[in-house]
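So the chains spell out like this:
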Amino acid sequence: MSAAVRLNPDQVRARVEVVPDPELSMITLADLGVIRSVREGADRVIEVVVTPTYLGCPALPLIEADLRTVLADCGHPEGRVTWALSPAWTTEWISEAGRRKLAEHGIVPPGAAGAPLQVRLGLGRPCPNCGSVATRPLGPFGSTGCQTILVCTACRESFAHMKAV
Amino acid sequence: MTSELPVALGARRDHDIAEYALRLGDDALILCQRLCAWVTNAPTIEEDLALSNIAVDLLGHARVLLGLSGRSDGTNRSDDDFAYRRTEREFRSALLLELSNGDFAATIARQLAYTHYTALLYTELAASADEGLASFASRAAKEAEYHCLHASQWTVRLGLGTEESHRRMQAGLEHVWPYAAELFEEDDLTTRLDTDGTAVAPARLRAAWEREVTEVLTEAGLTLPAPSWQATGGRSGLHTEAFAPLLAEFQSVFRQYPGGHW
Chain A
1 MSAAVRLNPD
11 QVRARVEVVP
21 DPELSMITLA
31 DLGVIRSVRE
41 GADRVIEVVV
51 TPTYLGCPAL
61 PLIEADLRTV
71 LADCGHPEGR
81 VTWALSPAWT
91 TEWISEAGRR
101 KLAEHGIVPP
111 GAAGAPLQVR
121 LGLGRPCPNC
131 GSVATRPLGP
141 FGSTGCQTIL
151 VCTACRESFA
161 HMKAV
Chain B
1 MTSELPVALG
11 ARRDHDIAEY
21 ALRLGDDALI
31 LCQRLCAWVT
41 NAPTIEEDLA
51 LSNIAVDLLG
61 HARVLLGLSG
71 RSDGTNRSDD
81 DFAYRRTERE
91 FRSALLLELS
101 NGDFAATIAR
111 QLAYTHYTAL
121 LYTELAASAD
131 EGLASFASRA
141 AKEAEYHCLH
151 ASQWTVRLGL
161 GTEESHRRMQ
171 AGLEHVWPYA
181 AELFEEDDLT
191 TRLDTDGTAV
201 APARLRAAWE
211 REVTEVLTEA
221 GLTLPAPSWQ
231 ATGGRSGLHT
241 EAFAPLLAEF
251 QSVFRQYPGG
261 HW
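Quick note, the sequences are listed as chains A and B, same order.
Just so you know, my numbering puts 156 at position 156 of the first sequence, and the rest follows in order with no gaps.
Just so you know, my numbering puts 250 at position 250 of the second sequence, and the rest follows in order with no gaps.
Keep in mind the hints are simulated off the structure, nothing from the lab.
Keep in mind that the hints are not guaranteed to be accurate.
Said to hold, decoys possible - Quick list of the computed label-pair ranges, beta carbon to beta carbon:
1) A:Ser95 to B:Glu249: 37 to 47 Å
2) B:Tyr257 to A:Gly111: 21 to 31 Å
3) B:Leu160 to A:Gly111: 26 to 36 Å
4) A:Asp43 to B:Arg157: 48 to 58 Å
Claimed, not checked - Partial list, computed: chain A residues near chain B (C-beta under 7 Å):
5) Leu55
6) Gly56
7) Ser86
8) Ala88
9) Pro140
10) Gly145
Beta carbons are placed, not taken as given, at the ideal position from N, Cα and C, and that holds for glycine.
So that you can see chain A by itself, here it is in the shape it has in the complex (with noise of 0.2 Å):
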């Protein structure tokens, strides 16, 4: 085991939190919102309970084989990662520095979830390269299912956005 010190649930969630997400590394699992709670069951065994963002998401396994490395580095190597599925991850959820980080890459953040999907005439997300928001749909899923690649009609650009559910 590589840890004597079997650290305490505010401890682990602190080493949890700063865990990238596979497909998005530029962010953490804590900026994505999906850590709902680190805490110690009556069994005295450590819980991860996670949120997934889509069902058939493939780093859903990546991460929680992540987080059981973070468990044992942290002297909880029985520790558990219980998915949770109520209530459904939102990109409300993400944070202000995870929107950020989004943005540096060129990946659009997603706008308010609660609003309309829009159809027909374009989504209307500012062009990362020219700030033109002529942009319309190119295809209604990028290199992750949680994004839509836009095109701008200006620059002729095409980016990525991360859709808001």
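Start from chain A and add chain B according to the hints.
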């Protein structure tokens, strides 16, 4: 004696939930497999990505629902057990989902029918008295809504596109519509689960579904089909001739390397 009745009812309800989750899970699993066949064959690379991403979402839905089914029926079978260790007759998916893909328009017609059905179903199911179904549906409804948007956009695009795309889209609708009707089929199971607030009787969704798809078809200049017959059998394990080859391909790796993993 007094304690026996509630226990028996509880067991019956668990069994019902298992069967219900199996139906919905099998629908998602089988359509997932069909959509995967479009990868590298879709009209554009963006569409390759779209259909494969929708397939991945459906796989996620199937995994949650099949896991729930295995926990509810007491067998503790895993999602993999359900996917790979069952024969044709044990699948409960509606026939719509197993139909061969046809051309792109036929695939979109099926997406239109299925996604509007699941978006309505999951939205209502999010209020289910069963916590497992409710928490699944609260997440899946959001995903289904996005799939709906994708299918609706393509329906309009093909309907208003060229004479040929319009003709094919209408033909696709005529082809899949008799099968779409099976999604709204009722039986004792759905009635029981609807009565106690666990599930949504599919018939209750039908009017809203027709209103929604009619709206899309009207915008697309297409006609709502009025099929003269209605497919049935999938919910009791009676499938079409398209199903055995689908399952053989789907299960081939597992059959060749039983117990293998990487």
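Please name the hints from earlier in the document that this structure breaks, with their numbers sorted from lowest to highest. Number 2 only.
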